[in-house]
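Based on the hints, put chain B in the right spot on chain A.
Chains A and B are the protein sequences, given in the same order.
The first sequence begins at 1 in the numbering used here and counts up one residue at a time.
The second sequence begins at 1 in the numbering used here and counts up one residue at a time.
Check each hint, because a few of them may be wrong.
[To be verified] Derived list of chain A stretches under chain B, where covered just means 3 residues or more per stretch with a C-beta under 8 Å from a C-beta of chain B:
#1 46-52
#2 127-137
#3 144-157
#4 162-170
Hints were generated in silico from the structure; no laboratory data involved.
These numbers come from a predicted model, not from an experiment.
Backbone N, C-alpha and C define an ideal beta-carbon position, used for all residues, glycine too.
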Amino acid sequence: MSQQAKITADLFVTCVVDQLYPNVGVSVVKVLRKLGVTIGFPEEQTCCGQPVYNTGFSQQARTLAMRVLDQFRDTEYVVVPSGSCAATIRVFYLELFADDPELLAQAKALSAKTYEFSEFLINVLKVENAADCGTTYQGTAAYHPSCHLLRELGVRSGPQKLLASVPGLEQKELEGSEICCGFGGTFSVKFPHISEGMVTDKIANVQASGADTLVSCDMSCLMNISGALNRQGSDIKVRHLAQILDAESD
Amino acid sequence: MPEIKTQDFTAASSQAILDPKLRRALDRVAEGFHVARLDRIEEVTQETWDGWKDQAREIKVHTIEHLDYYLDLLDKNVAAAGGQLHFAKDADEANEIVAHIVRTRDIKVATKSKSMVSEELSLNPVLESLGVEVWETDLGEYIIQLAEETPSHLVAPALHKSKEDVAALFTDKLGIPYDEDIYNMAATARTVLRDKFMEADLGISGANFVVAETGTLVIISNEGNGRLCTSAPRVHIGITGMEKIIPSMQDLSTFLRLLPRSATGQRITSYVSMTTGPRRSDDEDGPEEFHLILVDNGRSKMLADPNLREALYCIRCGACLNICPVYSRIGGHAYGWVYPGPIGAVVSPMLVGLAKAKELPQASSLCGACREVCPINIDIPKMLLNLRTKTAESPDSTQRTAPEMERVLARLYAKLMSSPRLLKIAVRFGRFAQKIERITPFFSPLTKDGKWIRKAHLPILSRWTRSRDLPTLPKQTFHEIWQKELSDE
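For reference, chain A alone in the conformation it holds in the complex:
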């Protein structure tokens, strides 16, 4: 574990985790505390604005983004347990405020201190071994790299390295892992037939991997994948990376 103990960070938990997967947020807090981080949670936070941004409603996206700019103005680090929401804050806010120098400066400042959860562990806390988190996991796991984490934030191998170091966990390879699961936000309900086709292929690969758990850094992808798995009666579990690293999570 890192020697530079006194790191303080604020959690942007994301609306999906807040309302549908609160345990993921709990695991994030527990893992970060275990690693010596003083973690705060600005309670006025809601959504980063990605659903409206991705649908083209930039005005509404700005309204929500400005709230995030305000809430995390004085934060040292912002930790986000989602590659997609982290990408929104770090990459897309810069687009959103490109024509407003004052807000763009704020967006740049926020962008520079915003990290997706696994990035924060690896790049800021310099965690190399999951044993630092005091966790073990009995089971086999495959990793689904979510698209925005992979292609907007460029996080390729970090989460898998962490998983590989979890005592007891056996990693399984996921065929076609870098192919989108078909969620895509509003895309999934605008074109359900295409989205279903994509997730059907994804779960076929998950099932073929032989893993009993699918791990990712984005609960929205996992909501999609697990929704399809559950419909088919599969008992493959889905977990956020933080839940694997949290010794107290099942």
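Just chain B now, with coordinates in the frame of chain A:
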């Protein structure tokens, strides 16, 4: 222009996705191209590849920024080589230029090599109406012409057809015995077309690149038909988009490295044909006339829009189609116009109008795979997003085509998410509704354990639960857990 069916995207893609034969064809061809492409990159190393990509993009940015200059230069050099450059502002003008040449040169038979721009112009029906016999000579295009269909992929136009389909088509249209041996089918096409090359008065070709400093039209192909089209008939007309100009032969070398590798995973294609002007007095063969038609047809609208300009850097390699998880499930025809796939979802709305093609930019999960494979680093997802923004809130009402209901929902969502208090009430209401559902299923039957919604009878959610379960709201939000258990540590 060909019939625009972009407005039927949802229906067409719903049909296409259920077609197992199409899926097999897409898996085989698109996937094959993709895998071969990766092998070629590995061979030269990713670092070298990235260097080439940067170089190519730089050339494209430079050329498009100075398009006026290079158009002038091209014009001078085409003329200096004895050819003629024409500029067509739209499809009608381009077709009229061809028609004029046909009428004044007494053209009876035309052979064509592959040209997506001629598809964009719907040139074949125009030629036929002038009494010209038109022969597509690219094997894929020949198949498509016989079947009276349109291309479904930028480089493999007949990708959606299996060998059995083609064998049946040949039997039907050419009256030959059914034979699904690919070699024999290619030989049949060769026999038919060989005579036509000799008969033709006019050869029509597309262009992969036109080189401004020399006035040269460049075609890369694997069948040699392009070279026959440009050299055997007495008149050659090259037709392409105005964005295909590159400054120099030096620049061409960069693109010749990138295009075949990105398109089919080849180090180089079997033929790289360069045509500069008509035959010279000491040439043994070649056409008497060389015409090059550069088509705008909506491209200057892209040029004028800084957010969409980079769509003009596209070299039509098709790599973004091959990698796209949407294209690889629905194929090219569902996109409803000439250019399919991710780049088509940007180009088509610009060329046929966002009003008719408003669904195309939405039909993407924005996964970013297209940007990753693009040899010119074109940021396709960013342009799709820009088009979505235009449909949502453009001041131009012909572009602002998003349904009013979406606008209402976006406003409601922003209102709800701007107020933690309102959100709390909404979540509590949701939990209460779930409790009722468990007692008397009304809107959305839950699974026995209460953890999933099986079938939501509510707008939007019902589209999710067609084939996926939806998680129910847990007992507490993270906000509530934080306040109760976590905040004081």
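Hint by hint, here is what the structure shows:
{"no.": "1", "hint": "46-52", "verdict": "holds (count 5)"}
{"no.": "2", "hint": "127-137", "verdict": "violated (count 0)"}
{"no.": "3", "hint": "144-157", "verdict": "holds (count 5)"}
{"no.": "4", "hint": "162-170", "verdict": "violated (count 0)"}
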